[in-house]
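As you go down the protein sequences, you meet chains A and B in turn. Heads up: the first sequence begins at 1 in our numbering, then just goes up one per residue. Heads up: the second sequence begins at 1001 in our numbering, then just goes up one per residue.
No lab work stands behind these hints: they were computed from the structure. There could be a bad hint or two in this list.
[Unchecked claim] Facing chain B, from chain A, some residues (calculated, C-beta under 7 Å):
no.: 1; residue: N35
no.: 2; residue: V67
no.: 3; residue: V141
For every residue, glycine included, the Cβ atom is placed at its ideal position computed from N, Cα and C.
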Amino acid sequence: MMMVLMLGSAFAAEPKIELNVSTSNISTAVDSLDNIGAGSLATVGLETGYSIFPWFSVVAGWEYGAVKTQYGDGYGYDEYGEYVDVQSDVQSRFDYHQLHLGTRFQTKVFSRIYGYVKSEALMGMSSMRFADDLEEEDPAVEVRSSTSSFGGVVSLGAMYRSKPVAQRFQFQAHLELGYAHQSKSSFDKDIGMSQVRGLHSSLGLGIRF
Amino acid sequence: MNKFLWLPVMGLTACWVQDTSISLDDNLWDSNVVAASDGVYVALPFAEMLVRVRLDSDSSLDLAVVDLDGARVNRMVPTPDGSSVLVFAEWDECKDEDSEIVYRSDCPSDELVTNSELAIVSDAQRTQRLEIPSHLNTIEFSPDNSIAVAYLDYSLGGEITIEGVADLGEVAFINLADEASSQIRSSISVGFSPNRVLFGTNNDAVVMSRSQVVVVDLTTFEKTLEAPLTLDADQQIDPSGAELAYDEESGASTLLLTVQGSSDLYMLNLASEFWNIGDLGAIPSAIGVDNSSAQSVFVFGASSKAVILDHASLASLSSSSIEDISLEEPANKTILGSGFALLYHDSNDYVHDVYRIDLDSRELTEYVLANPLSELQLSPSGQYAVGIMRPENGYSSNLDAYQDSRWGIAILNTLSDDVVSLVAESQPIAVEIIENQNGSFALVLMNGLDYLLQIDLSQPSNFIPVEMDAAPLSLSKMPADDGRFLISHDVDMGMVSFLDPTTLEITSIDGFAVTGLLNEQILPRRAEEE
């Protein structure tokens, strides 16, 4: 990686740095994650890129998403005789952090629109927290579990770059679609499995200078 | 440029945590946990798993998943000594052998079948797996715990699943002592609707079914005796109660058998295979056998009397030789103590009496309780009896009315003949009696209350509340050598506690019910089928 950056610095006419904020949607492929409402996960992320050449960038970033789930016991009668959705005293929170690092090849399509293909290696870190009340600092019953996994994502995208502002930086926005695949991983404490696999989409904007 | 300013706003708002609500189609755990000598076995219906939980050295949760090879638990029965647990289980099989079918949801519904089996689990390992019909819902154990007998008791309810044909009179004998034996399981048909199994003194089992009694040798699992209850094939005689009476003097074992809707007592001498029938004068509701004094006690739920029979005279018993003991109120249950029998009624709203009959002198002692009983148990020494009293719809007033309308605890002292009726804060859901060097105590759990009462039976108004982490659901004894009590709690994520009765220290473990919550529903044993 350092080698690529050093080469980039040496040969690129005008290296550029990008900072992007994005929101993504990633699929979780294990059926059982539906049990916590995490069939697909919306995340928010930060990404940085370094354009070594006008057609080639090194990109790295972080994404985060979470799902908080209240489990119900089905329908039943409450103390007032009303037929209601009975809540159990089980709540869970699924937190997902993803680090990615890869390369992006881009080319101008027309005017200020660029098309690109991106491939990245992924590392995902998932954690589960079950408690009778997640809002409590010290719940009566609590179980924590975590796991990590590795994989990759390949995506195609389109990027818009604005005119340079004050000759110093440009605004940019992107939309990309791709496919992500990570290894299946087991949560500790025999909670079960997790896997990110499937369609990946991302929408974001940032600055380039 | 400004038109893109909404994009960072959208990105940042995506940072919210998604809130969802999911309804589970099954409980995370079954609070009917089973205590074994190596730990507590808990079925997880939603995850379709079985786990063993226990305290580790630092009093935290030590959890082990029992590999049942994809089978889910229907019911668990511990052996009386706690050495193993018999797990009635079932597993799904997809008859479609397409290799693309991996998950249960992939299998066409008409290709999905459910198989039943019995797993013997010990030390969190499945040691044996036996194919057994799912309808065999009742287990009895031989006195030495070496043989388990499984049969269908239809009165317990539940579905009968039939693949092809089913023999509802099948009784399965499972050899627990010799796991390597090829004869680990043997089945015989004993007639229609077997409803009671007794174990004799000659390594045999006596099985009662409609209109016949069958004796099975527990070494060969062969029938050694088939004794019909009637010679008329059109007549149906359904046993209602049975006990084995042993006479030490003659060495004879006699089967005492009562039948539904009849006052007749059937007596089968198992040595001579000789039947005798006597008329008890009323329809008996329970039999109590005291082999130490060679006497049996009969009570009658709808008749205010009791009958005591001497085992030595059973062969020559006739209606004229049966002597009644008159009671003021009827009794439908009996508990035998050392040299006495306690008689009570647990299903009559108007009966408040408990009787003690001295089996030597036939002396009758009457105890009058404030409310009718729903259950009664005797302390190991026999000095105390503790019962749960239920509310009654009386016509009393003032303090009587107050007590009548509430649940309570009754404590009887069989030595001093004192009786105390305590009013309970809520419905007692479990009572256990302990006797140790500190005295005799009752441990009482009450519905919805997160504390346990330890009542000193010598001074019933002297009780100690023991705080618990959550409201209890059940109380049971750990296997004999453990000495602790096991409490399961009304906590959806799972909680059980261990109570040391000498120190009243309670240690809880919890959170085990989320085990396997994220497991995939993969069809088991696919490779095995291929």
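Outcome of the hint check:
Residue-level restraint check for N35(A) holds (minimum Cβ-Cβ distance to chain B is 6 Å; threshold 7 Å). Because the beta carbon of V67(A) sits about 5 Å from the nearest beta carbon in chain B, less than 7 Å, this interface hint is met. For V141(A), the interface hint holds, since its Cβ comes within 7 Å of a Cβ in chain B; the closest pair sits about 5 Å apart.
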